[in-house]
Amino acid sequence: MLGIYLTALVLLPIAALLVKSSTGGLGAFWREVSNPEATAAIKLTLIAAVIVVAINAFFGTIIAWVLVRDEFPGKKIVNALIDLPFALPTIVAGVVLLALYGNKSPVGIDVAFTRASIGLALLFVTLPFVVRSVQPVLLELDRSMEEAASSLGASQFTILRRIVLPTLAPAIISGVALSFARALGEYGSLVLITGELPFKTEVGSVYIFGQIQDENLPAAAAVSVFLLVIALLVLAVLGFVLRKRSQHVL
Amino acid sequence: MSFRKYGVRTVALGYLALLLLAPVAMIFYRTFEHGLSPVWSSITQPNAVHAFWLSLEIVAIAVPLNTAFGIGMALLLERGRFRGKAVLGTLIDLPFAISPVVVGLSLVLVYGKTGWLGDWLAEQGIQVIFSVPGMVIATAVVSLPFVVRETMPVLRELGIDAEQAAETLGASAWQTFWRITLPGIRWGVVYGVVLTTARALGEFGAVSIVSGRIEGQTQTLPLFVQDRFENFDPTGAYTAAVVLALLALGTLLAMNLLTRRTHRKVAV
Chain A
1 MLGIYLTALV LLPIAALLVK SSTGGLGAFW REVSNPEATA AIKLTLIAAV
51 IVVAINAFFG TIIAWVLVRD EFPGKKIVNA LIDLPFALPT IVAGVVLLAL
101 YGNKSPVGID VAFTRASIGL ALLFVTLPFV VRSVQPVLLE LDRSMEEAAS
151 SLGASQFTIL RRIVLPTLAP AIISGVALSF ARALGEYGSL VLITGELPFK
201 TEVGSVYIFG QIQDENLPAA AAVSVFLLVI ALLVLAVLGF VLRKRSQHVL
Chain B
251 MSFRKYGVRT VALGYLALLL LAPVAMIFYR TFEHGLSPVW SSITQPNAVH
301 AFWLSLEIVA IAVPLNTAFG IGMALLLERG RFRGKAVLGT LIDLPFAISP
351 VVVGLSLVLV YGKTGWLGDW LAEQGIQVIF SVPGMVIATA VVSLPFVVRE
401 TMPVLRELGI DAEQAAETLG ASAWQTFWRI TLPGIRWGVV YGVVLTTARA
451 LGEFGAVSIV SGRIEGQTQT LPLFVQDRFE NFDPTGAYTA AVVLALLALG
501 TLLAMNLLTR RTHRKVAV
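Respectively, the protein sequence lines represent chains A and B. Heads up: the first sequence begins at 1 in this note's numbering, then just goes up one per residue. Heads up: the second sequence begins at 251 in this note's numbering, then just goes up one per residue.
Hint data in this document are derived by calculation from the structure and do not stem from the laboratory. Treat the hints loosely; a few may be bogus.
As the list claims (entries may be wrong) - Output of the computed footprint for chain A on chain B, the stretches with three or more beta carbons under 8 angstroms from beta carbons of chain A:
1. 288 to 301
2. 395 to 407
3. 426 to 438
4. 492 to 504
Said to hold, decoys possible - Some chain A residues near chain B, calculated using beta-carbon distances under 10 angstroms:
5. VAL95
6. PRO166
7. ALA169
8. ILE173
9. GLY204
All C-beta atoms in this analysis are idealised placements derived from N, C-alpha and C, irrespective of residue type, glycine included.
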């Protein structure tokens, strides 16, 4: 029963995708991926994902820090709200961002149909990943090490650089990996806010969607597989780095 | 020292306010800025009502299926002994690494008219793509890993002592499952079900592809939001979005209550 369900839902569809992307051989696959519009969309997706992930690593760690080490009224509510982007439907995320940062923006910031909108939407939907992976590690982090360093005369910055960040690094990396994979495939939150303009704001998933609508399934399948392979590679490489590190520490 | 502390707090909370809080607050304001009557008329229009019930119908089928599968698969991965366990685990997680759009595409390639099973399904008179069955499948795929992933750690923590004791005392495997295992893992399962439901209600990309987006027929609530927005009916879009946002806030509340129940790791 479990096998049939898994086959119908995951195995068979993935197999069909792989077969579709490779029916014309490597040459056909490459032609689809190197189509100018496809290449532009893939490049844009990768660049946006890298930028967003870097911002996430920084702000995600700071937010986790504040949630664990700081005390302020309403902290519990802020902590609960971190998961909102996971609970909120992606299309609603797009509408929500447009309500404040769209063409009728009450604060005069209109990012609709610009490349900045891609970053904004991706930052919104990937916000919880780094926070939620750093938070538990920070909670377990033994403060006596920091206190020892401090009493030995280490500056705040040195303690951060030599003690705190190295301990948090694996958690930051795994949060970054999840954000990256999510950013590569994100669709719903980008549909309305980016305007889906080819060569300007069209990311990979939007390009794939367009090819499906045009019944150009080989092109859709090729770009899908290409982006999927990148996502899995990044997850695998970062997973390998994490395992290496943990062995090193032990 | 305190300047540094307040500085970090201001940066963190300011970022959250600009990215998360202000936009969400804004949508509530935008929805109700012209009073309640336009909200009421857009929430009661036939297509909105239909989309709402269709979303619930899909959730009502996909979530129980994924729950049964999730518990079974968690038991298999946690208690079973066989080769290729890691591969199976990776396969279960795959829907999280794949774009919803790619999920939709791969389902079309299997169940669509020109797909692998297209001819056979047509002979049986079953339409999957561009109809509700396809939307249920798409929803089930994207929310597949939640129950498995939330149940496995609880199952590990539960251990097998009580199960073995029950077995020794002559309980059948079925009795052991209903009387010992399931009560022991129920909060983990419920947490997984909450996440599955939230994801299922909000799924957009995969459902968009397999549904064909036919108004009043295969339009779920998230698809209705897009349709209203693109047809210059912001109130309609905002209202439906607010309904979904309220459901999401309800999910958050449920998650937090359950976190206390299960003593999960993120406790503040």
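Okay, the hints, checked on the actual structure:
no.: 1; hint: 288 to 301; in the structure: violated (count 0)
no.: 2; hint: 395 to 407; in the structure: violated (count 0)
no.: 3; hint: 426 to 438; in the structure: violated (count 0)
no.: 4; hint: 492 to 504; in the structure: holds (count 7)
no.: 5; hint: VAL95; in the structure: holds, 5 angstroms
no.: 6; hint: PRO166; in the structure: violated, 19 angstroms
no.: 7; hint: ALA169; in the structure: violated, 19 angstroms
no.: 8; hint: ILE173; in the structure: violated, 16 angstroms
no.: 9; hint: GLY204; in the structure: holds, 8 angstroms
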